[in-house]
Amino acid sequence: MTVPGSTGQDPPQGRGPDAPGDVLPASQGVPLTPDPTGIWHRVHPVSPLVRGWIAVAAIAYFFGRDWFETVFRGEEFWGLSGGRAVWTVLIVAGVVLLLLAGFFLSWWFTRYQVTDDHVRVNSGVLFRQHRQARLDRVQAIDVIQPLLARIFGLAELKFEVADAGESAVRLAYLPLASAQELRATILARAAGLTSAPGHAQEPVPEAPEQQILAVPGSRIVGAALLSGTTVFLVIMLIAAGLSTFVFDAAFGPALLLPAAFGVAAGYWSTFSTGYNFRAAVSPDGIRLRYGLLETRAQTVPPGRVQAVEIMQSPLWRFKGWYRMRVNVAGYGVSTENSGARTTLLPVGTQQEVMQMLALVLPDPGTEDPFTVFAAGLDGIADTEQNDGGASDDGFVTSPRRVRWLSWLTWRRNGFAVTGTALLARGGRLWRSLAVVPHERTQSIALHQGPLARRLRVADLRLHTTTGPVTPVVYQIDADTARRLFDEQASRAAAARRRSLPERWLEARSEATPDALSGPGSEPATGRPAGHQPQQEAQQPQQDGHHPEQESHHGG
Amino acid sequence: MPSEAIDPAWINWIRVSPKYITVQLIGWAIFTVVALAVLSVPLALLLTGVWPDFPAWLAWLLSVGTLVARIWIGLLIPRQVRAIGYAERDEDLLIRRGLFFQRVMVVPYGRMQYVDVAVGPLERAFGLCSVKLHTASPQTNASIPGVPAAEGARLREQLSDRGQARLAGL
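If you read the sequences in order, they're chains A and B. If you read the first sequence in this note's numbering, its first letter stands for residue 20, the second for the next number, and so on. If you read the second sequence in this note's numbering, its first letter stands for residue 4, the second for the next number, and so on.
Source of the hints: derived by calculation from the structure; they are not laboratory data. Worth double-checking, as some hints may not be accurate.
In silico negatives: residues of chain B with every beta carbon more than 12 Å from chain A [unchecked claim]: (1) Thr-25; (2) Leu-46; (3) Pro-55; (4) Tyr-112.
Derived coverage of chain A by chain B (criterion: at least 3 residues anywhere in the stretch with Cβ under 8 Å from a Cβ of chain B; other residues may be distant) [unchecked claim]: (5) 108-121; (6) 482-489; (7) 496-509.
Positions of the beta carbon are idealized from the N, C-alpha and C atoms, including for glycine.
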């Protein structure tokens, strides 16, 4: 029996191949740092309660309501009359005990471990599940705090790999500090930083980060008010008014009540998910934080963004606002949190869009990125242009001959190619610009229907991982499209050859072994907590372009 | 088949087996018979006098319309099959298909996650198989139907080998 702090109950099975490891409850200190001996940890003991609070609330409601009602009616509670009190208490106690036992068992059998290469989670009481994920396969890490968990100071950690579905590893719940420390550890290992022997028990410091932007609350409110929800509201009001006027009947309330719920929900989700949105950059990648009741902190390591889309709805044009969405392999298209996870910027000005683009695409591959991207956001080709689809500030648009087919969008639909990415723009009312880094292109297809063949145009589709962004270049001249198709295939192949390694800091730490290798590089004796981040705060800007530059020379 | 407007230049397409036309035609015939039988029920009822109130024009339209549409589709099958082609290049595989709605797709070897070889009962009878490539993108719908079994096995090995040699992350 090697389990300190245990209740003397030996877990029957499921210790697995790593049985010699000790099991430490997570509540004892924060033993989440490197564990070469393969120590297993448990999540916080309160977590089943936080997860299963609905069951608890339901039981409390069920018993509580009856009791309250009878008490307020002045009657005697059925369960307590005529000597049945004992049984009632016993039943209630039994249910509570069963619940607590279930909570305890699920907590007891959920254990996790972080080694140099893997994160492992064992869970399940009757149906055991052992799961193991490679750290360098990480696509994103989220630290989530639902409202109840926030009250307890707990957080859930989600580890995403590229399966576009459920999270590979979910650890719910850990103390917030532990979750953050674990995230730092995982990211450091995934980045290819190895802890030096002898310092293995040192905690990995959180990578220094630099805030890029914060979206003010007033703008979130404005964005919600100017969103499609408002258009819907106006239409509903007109319809209700007309129906009342025409039919002389009070259809209004019946029609408006469900609509009001929908509108309120729409406004609420925009507001609550965009509230307090902040974006920061660190050597570990992009950090996004947001949320009103449930707060989330997302980390997307470098090179994990597969595609970006910048959109502008018609009402937002008055304020010059844009929304950015991303495809990240681990996020998929889950509607969880109404797509907030795949939102890179809920609402931002053009300058903020450029800042975020600079994070996603550190090397834009052009001399004058601002002009090119601005043309992608707002540009529109001249009416007078030659038949081949003229160049308009770097964008090649649909030829003039398709103007009767897509009379609204033919001057917007177009593409531009920089050294590192393909830009596909489109949409006149709902403007959009999709940016796909060359090395992230999965496959490419040319499509041509009968009408398009008559007009000698074709669509080019770039395939990326599952997500909200589907980059398509609509209706470009067939010869241009064919050339783009060929060139893009070879550009993507060339870009893949010189792309960043999956362990994104490996190249860098070889170049400057002492710069960022953290605790292993210096004696970590009594280092003041505030000292380290300041010292390393200058690193990201300098080092941010190192891998690209190296790889360009190398490639 | 002549090179189409959106095909990349200098590509020698490998066409799928002509036997695949037969496979497609058999499937087409079965479906046509079933569809005709179902959609001719009103006409049969009308002519036998069981359901005299059924509008005659609709009953005739259902039957004749289905027949004409199915014959039209059947006539297209040989040309559609001949329009399917693939070509192996150094870095990627090209796949084309379609007559009216044409599509040319390029799948880089380094982007392939896995290769499927599937054989249905009809295909097996004719010694054919379907090769399907999967990338990390669900939009990559890269299947090559009607490949002779030996060629399918060769293609699978070749693609796996090349994929391994040029393997890239996501």
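Consistency of the hints with the structure:
Remark: the non-interface label on Thr-25 of chain B is consistent with the geometry, its nearest Cβ contact in chain A lying 27 Å away (cut-off 12 Å). At the 12 Å boundary, the C-beta of Leu-46 of chain B stays outside the reach of chain A, the nearest C-beta of that chain being 32 Å off. Non-interface call for Pro-55 of chain B relative to chain A: holds, since the shortest CB-CB distance, roughly 41 Å, exceeds 12 Å. Residue-level check failed: Tyr-112 of chain B sits 9 Å from the nearest beta carbon of chain A, not beyond 12 Å.
Counting residues of the stretch 108-121 of chain A whose beta carbon lies closer than 8 Å to any beta carbon of chain B gives 0, which falls short of the minimum of three for the stated coverage. For the stretch 482-489 of chain A, the stated coverage by chain B is satisfied: 5 residues place a CB nearer than 8 Å to a CB of that chain, which reaches the threshold of 3. Note: the stretch 496-509 of chain A has 7 residues with beta-carbon separation from chain B under 8 Å; the three-residue rule is met and the coverage holds.
In terms of the numbered hints stated before, the structure departs from hints 4 and 5, listed from lowest to highest.
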